[in-house]
Amino acid sequence: MTQVLVDGIFLGCLFAVVAVGLTLVYGVMEVPNFAHAGIIVLAAYTTWSVSQAGAPFVLAALAGIACGGAVSVLTEVLAYRWIIERPAAAPAVALGLLLILQNVALRLYGGAGRSLDTPYDTVLLRFGGVTLPGVKAALIVLAVASLGALHLLLTRTSLGRAMRAVAQDREAAGMLGIPMRRQYMLAFLIAGLLGGVAAIAYAPTFQISPYMADEVLLSAFVVVVLGGLGSVWGAVTGGLLLGIVQGFGAAYVSSAYQSAFGLLVLVLILVLRPDGLRSTNARRVA
Amino acid sequence: MTALLTVDRVVKRYGGLAAVDGVSFTLGAGDVLGLIGPNGSGKTTLLGILAGTHDPTSGTVTLDGRVCSGRGAHRAVHAGIARTFQTTRLFGGWTLREALRLARRENRRPADVASDERIAALLALDGLLDRPCTSLTSAAQRLAMIALALATGPRVLLLDEPAVGMDTAESAALARAVRDVADDLGVAVVVVDHNMHFLMPLADSVLVMASGTVLATGTPAQIRADEAVIASYLGET
Ligand SMILES: Nc1ncnc2c1ncn2[C@@H]1O[C@H](COP(=O)(O)OP(=O)(O)O)[C@@H](O)[C@H]1O
Ligand SMILES: [Mg+2]
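Protein chains in written order, with the numbering used here: chain A, 30 to 315; chain B, 12 to 248.
Source of the hints: derived by calculation from the structure; they are not laboratory data. There may be inaccurate statements among the hints.
Anything over 12 Å on all C-beta distances counts as not near chain A; from chain B, calculated [as the list claims (entries may be wrong)]:
no. : residue
1   : PHE36
2   : GLU172
3   : THR224
4   : VAL225
Coverage of chain A stretches by chain B, computed from C-beta distances (three or more under 8 Å per stretch; other residues unrestricted) [as the list claims (entries may be wrong)]:
no. : region
5   : 123-135
6   : 206-213
All residues carry an ideal CB built from backbone N, CA and C; glycine is no exception.
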């Protein structure tokens with residue numbers, strides 16, 4: 030029982046980190062950023078190749094996170110920025126970018142799955158009757174640390190406050206003199222860094238392949254809708270909720286239906302609270 | 012004296028429709044210009060061009076000899092043109108002081124920007140700085156929007172129907188506040204409003220728009236007496 034809960038929390042942390050990146054971008058730019066899955070893939074491969082080249086894992090992980098941030102900003106500067114006036118084009122552009130990023134990964138690294146070794150592969154934490162592999166514990170720690178840092182950024186810095194203002198009302202924020210492009214770039218940078226964190230945190234528990242993040246992306250979008258579009262704390266609570274529900278569903282009913290439980294929760298919540306857990310326009314990215 | 016703000020043959024087309032069709036005027040520091048005209052005559056669109064929100068199809072807006080149109084909203088704000096919106100747009104759960112601080116941070120201009128307390132005093136918002144914007148009365152929220160605009164340190168202030176939803180006492184207080192802003196801070200103000208009891212005593216001069224063009228300009232007294240204006244606009248109200 031506790032073991033199932035811990036596994037659910039692990040999954041929930043992963044969903045939260047990915048979903049926060051999505052919801053942040055949605056909050057400021059109203060783009061459903063499917064390309065986020067491609068960012069995770071490239072960040073994971075970067076970590077893998079740097080670590081293959083003999084660099085220490087920490088360095089490889091940092092390279093992966095940096096790659097996530099850089100590629101994410103590139104998608105904004107080269108693509109999303111140009112369709113800001115045409116929001117209807119955003120989903121198509123996002124899907125196109127996802128295909129491009131996945132194919133870049135395919136060209137560079139081939140289709141074969143790679144496994145990422147970490148120094149904490151062999152660690153196994155035990156407390157009570159619960160066991161937690163090092164890779165999963167690392168993911169939980171990384172998720173909590175990066176979301177905590179994001180919280181401080183959004184509430185304590187003027188860049189973060191500007192981000193919340195833009196998410197609430199783009200035009201009104203412009204009237205305070207906030208440059209939109211700077212905020213768009215910042216949102217994509219943060220989302221990309223979080224994508225990188227997600228990549229290095231969960232690649233060791235699965236396998237690296239160009240399509241490794243597809244299912245996580247789907248769950249994360251469920252979380253984003255669950256939590257209320259654009260709400261960071263909605264994404265965090267929604268992520269944990271979905272992770273735990275999927276964990277219990279897999280353990281007590283059937284793991285084949287793991288994703289289906291998530292969708293069931295989504296339908297239930299949307300019936301009970303059509304705007305999601307936390308969505309009021311005033312609370313976007315808050 | 013040369014004008015602070017020069018609007019030169021500004022045009023904005025949406026497809027076949029010219030929402031603003033060749034508007035020119037000038038404005039000096041401390042002047043209050045009333046902008047009136049029937050619904051759909053292009054007042055909001057004109058303010059949007061002045062504020063950098065819309066790029067003009069042709070024509071220019073010059074502030075202190077520098078062209079500042081067509082460069083985006085934040086650049087217009089940095090250049091010294093601030094606006095409020097026809098609808099109340101504040102930042103939900105924030106206090107006025109938090110929002111003012113952000114407006115200040117984004118406009119790194121020296122000490123010539125009035126302090127929070129000074130802005131609050133000018134707008135009769137004293138004591139309300141630390142309350143969430145949503146807890147203010149709707150009239151106070153309209154004033155709070157002006158406060159945010161002032162915190163950017165503007166030289167030109169654009170107000171789009173600021174007296175909307177206000178009773179007579181509230182709009183009279185607003186008129187006094189706008190006058191004080193113009194006189195004490197030397198800010199040039201453009202006010203759009205349909206309420207003539209509010210606008211006419213406040214404005215130094217009035218510009219009447221109809222179908223995107225300038226129908227008439229003059230002092231409030233001249234405009235009241237203008238037959239074309241009465242026929243097209245004032246007569247209806
Ligand atoms: N974004 C837009 N696209 C198309 N037409 C617009 C747009 N904005 C305004 N218009 C049109 O321009 C005209 C002027 O509108 P507006 O400036 O809002 O007038 P006012 O503020 O004087 O009521 C109207 O006919 C309006 O329908
Ligand atoms: Mg209007």
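Outcome of the hint check:
Once the 12 Å rule is applied to beta carbons, B/PHE36 is consistent with being away from chain A; the minimum gap is 22 Å. Once the 12 Å rule is applied to beta carbons, B/GLU172 is consistent with being away from chain A; the minimum gap is 15 Å. Every C-beta of chain A lies more than 12 Å from that of B/THR224, the closest at about 26 Å, which supports listing it as non-interface. Distance check on B/VAL225: its Cβ is at least 26 Å (rounded) from any Cβ of chain A, clearing the 12 Å threshold; non-interface status holds.
Evaluation of the coverage hint for the region 123-135 of chain A: breached, as 0 residues show C-beta separations to chain B shorter than 8 Å, against a requirement of three. Here the region 206-213 of chain A counts 4 residues with a CB under 8 Å from a CB of chain B, which clears the bar of 3, and the coverage holds.
Comparing the model with each earlier hint shows a violation of hint 5 alone; every other hint is respected.
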